[in-house]
Amino acid sequence: MKPAAFTYHRAHDVREAVELLTELGDEAKILAGGQSLAPMMNFRLARPSALVDITRVPGLDYLRHDADGLRIGALTTHRAVETAGVPDGFRVLPRAARWVGHYPIRCRGTFGGSIAHGDPTSEWCLLAVLLEAGIVLRGPRGRREVPATEFFHGFFATAAEPDEMIVEIRFPGAAPRAALTEFAQRQGDFAVVAAAVSLTIEDGVCSAARLVLGGVDPQPAVVDADQALVGRSANETTWRAAGELAAESIDPPSDGHGSGAYRKRLAATLVSRAFTEAATS
Amino acid sequence: MTRFAVKATLRATNAPTGPLGRTGARMAREAKLDGHGTWIGASVPRKEDGRMLRGSGRFVDDVERYGALHAAFVRSPYGSATVNSIDVAAATGIPGVHHVLTAADLDNPYLLAVLERDEFVPTTMPLLAESEVRHAAEPVAVVLAEDPYAAEDGAEAVEIDFTPRQAVTDLDTAPTGPNVHSGLADNCLVDLTMFDDDRLDGVLADAPLTVEAEFSSARLAALPMEGRGCLAEWDDRDGQVVLHASTQVPHQLRSGIAQALGLPESTVRVIAPDVGGGFGLKCVVGREEVVIAAAAARLRRPVKWVEDRQENLTASFHGHEQHYAVRAAFDTTGRLLGLAADIRCDVGAYSAFPFTCAVEPLMAATELPGAYKVPAYRARGRAIATNKPPTAPYRGVSRPQIVLVMERLMEKAAAALDLDPLEVRRRNLISEGEFPYTGASGITYDEGSYRESLDLAEKTVTEAGWYSERDELRAAGIPAGIGFSCFSERTAYGTPIMAQRRMGMTPGYDTAHVRMDPTGEVIVTTGTCGHGQGHETTFAQIVATRLGVHPDQVRLRQGDTDLAAYGWGTFGSRSIVIGGTSARRAADDVAAQLRRIAAHLLEVDESDVRLMHGAATVRGVPGASLEIAELARTAYFRAHTLPEGSEHGLEARGSADPPGTFSNACHTVLVTADPGTGAVRVRRYLVVEDCGVVINPLVVDGQVRGGVTQGIAAALYERIRYDGDGQPNSATLMDYLAPTASEICPIQITHLETPCPYTEDGAKGMGEGGTIGAPAAVLNAVNDALAHTGVAMDHIPVRPEDVLSSLSRPLATVGGT
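Protein chains in written order, with my numbering: chain R, 95 to 375; chain Z, 8 to 824.
Certain hints may be false.
Claimed, not checked - Taking beta-carbon pairs under 8 Å as the criterion, some of the chain R residues facing chain Z (in silico): (1) Lys96; (2) Gly183; (3) Thr363; (4) Arg367.
Unchecked claim - Calculated Cβ distances over 10 Å to all of chain R for the following chain Z residues: (5) Lys54; (6) Glu159; (7) Leu211; (8) Arg434; (9) His607; (10) Val611.
If you're looking for bench data, these hints aren't it; they were derived computationally from the structure.
Every value quoted in this text rests on a predicted model; they were computed, and no experiment measured them.
Where is the CB? At the ideal position from N, CA and C, for every residue including glycine.
Produce the complete structure using the sequences and hints provided.
Listed below in structure tokens is the structure:
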């Protein structure tokens, strides 16, 4: 559990970081908190030839609300999100932060780092997809924004080019009725299954809904459960039906944390609970 | 000095014997200072904690030597394979790598653990694999480099040509699978049938009720916070290799090194500095430790190896992977008439030195009846070899499993007979008036509070409203259950008991040496080796009490083979009984020397001199007093003032070798199950325990809490998994689910005190009870929570998936995680 040799570079601003990434090539990785990357390097599962440390880059640690929505700087820690005052429509973010690792991890790990890592159970990846966030990248060819729904390409693979870095995650629209819940045997572990949902209720009837599952696919899985939800009464029966429909529509893998069949039952439970929480939030 | 506390009153034969009587006596003791100056029973804060909490403890990795090389082991990627060739050329070319050693470079050394029984098949454990590897992560070569990073680079670059073979990875297929060791019939290393009562078949045939059941428990890692590790160096002054090692058994490690390398024991010195937990994993000798010692002796250069967590989970020792097939006969009142057990233990590929792979089946077969009266008994115990790492005597050693078996049998019999399961236990527990009791397996139980602890536990949880809480939870749709377990725990195995195992080296006795210096300060040297148990505090309490000094004036020296006589270290809940009694006896000799000096100086009779509160006083002569420091000064610096023929110095040696003494306890737990996820949550936990006279309640409570946590872990969370090829699937703490503080509820502890009859202090061992009792209690509670489903679970760990599939009802409408 000692990393293979690598060179270490500290970037002082975004421009320098991008220059370093361009210069160092495909095998360089950004260090933005190191809560996932460093253990993977210790196991030699990740063997970057170079690390570009962006943790001292100023100006990337913020939550800002403007006409384009809520903007979260890439170096904002999970803890900062957890304790941030955010506008009403975005409260799901601080509420979900309690599921992210343990306190020391939340104090070091960053929002952008989590998105870049692309773990399919990551709370931020799920919420980015759920709330149709934009992932703002900076690279040698300038700045671009990739929809989160197109960003995650499978286990730890994303749409970011090797010479690009995430600078911001933009949540365009408020989601007043949204919730994330998950299951792991131990508090702070990666979720076995996680469910993130968002809901619109008009006159006691569910008029729109969105559902993303983690832990059932190599990337956050958007599940269409409209059939069980849209036009139905906003009540427990509906939420349970949505859970059952979600469970039927997935084919999750088996591992030591649970069989595929168990994950389907977890999905049913968690989807139902997430909608219950969303409806009352 | 005002910190002198409370005195232990050993329960007199006419003292109240009910649980409340004992509890009352104990509370009275904590409440009042009776002036006798005893530290026994005082909650003295642990001397160790300051340095541990400040980060200034001194563990193996904190010991540094100039020019030390760092070791990384090259390990087998296969569960079973032939080693065709090893090419070290590329590795030796890596910058910073100095040496790569293979078995051939070290003359093919091995460890051999011996059991002098015909039913035991001795097998050697090569320090580095030679022509074959028998488990994944088995060490094949060692790379020595200037830093640990280069060492790992080197280990990656060693090229080994393997031919993989089919691996044997479970108990059921092992008998028909390929031989783990050449010629090993049925892959069986030990096959013992013990206590075969020829009446038993008749009893089982004729009994009104026969319960047949199978039980299993998963392979576990002991998971000490500090993994293994060592630093070896050659000391040219003494012609010795000096090994700092994270071990529970320094002398046995020395013997292992000496035997494996063909050295006189005098040329090896083992020093255990602070040791960050062991739980049995460090009471056997690791191949790595011997290889590092051999490398340092050969190269005349310090060599360090510090195990990482991945190695700790995949390459050290495991335990507790067992299967029981049991038949038990009961009469219509729930009384146990007979018991037959077929016990199989998956012991992995090798016999660990010195305890051998028989330690689990022997313990299980000998002690299965536990706290219950079993009139007719038979047990077959087998150690089955598989292509997995060897096992060590992990905390509890088979007793978590045998208690689980007995406690589930009590529940099953009660269910079949429609009786109260606690009443069934009462009818079978060894009870007041029956002690000392000799059971079917020949064990003699000294007095305990088996019935009383159960009665008190039931009373406590009833009065605290556990049953109404359970019923309210159930009414709200949340499965909830209460479980009990009653057990006794043999501790402080002395030489005669250990000899029954017929090991090549028989542990048991221990010794201590006590010396007072000219300022009245005391050094105690012991052959036990605390590694988190607080011995520096508890031994000081024992010795300070005998010498009339403050525990802060008593220092413990342990863990150094050059300082102590051959000592057996710390395992098997032995240290405070055997080591503590040895220290007490030595201290009593020193106290007698002090009294003689005081008697001479004060011109009084020796028998009238008492030592307490830092002074020698004289019974019936108020004002006649000398400070103990003054007596010490006189002994060393003014010896000419003492009578001719007085002994010089203030020191003595003591030893103890008790026959083994039984602690006991009753655990009670309230659990809930999440109806939507199957997750079981431990909600309330009570331990009513009796370890005889408590030396330090803080220390005992800490042991109980840590033990219960490991027991809950075994019941609900932890398992080491291997796939069919022998690949480990639990190589990180992401996959091996050791619970954290978030998963464990507060644990309430009540003490009863039935003194040990074999020692002066009356303390019994208690290092393992928490781990022993918890799995059964939790499993019974889970079964109680699932009672409405008709499912009975007899395996651990019970996983959320198991629970969810048992809950046949529709998905939950209530409850959260």
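Checklist entry - So which of those numbered hints doesn't the model satisfy? => result Violated hints (numbers, rising): 2 and 6; every other hint is consistent with the structure.
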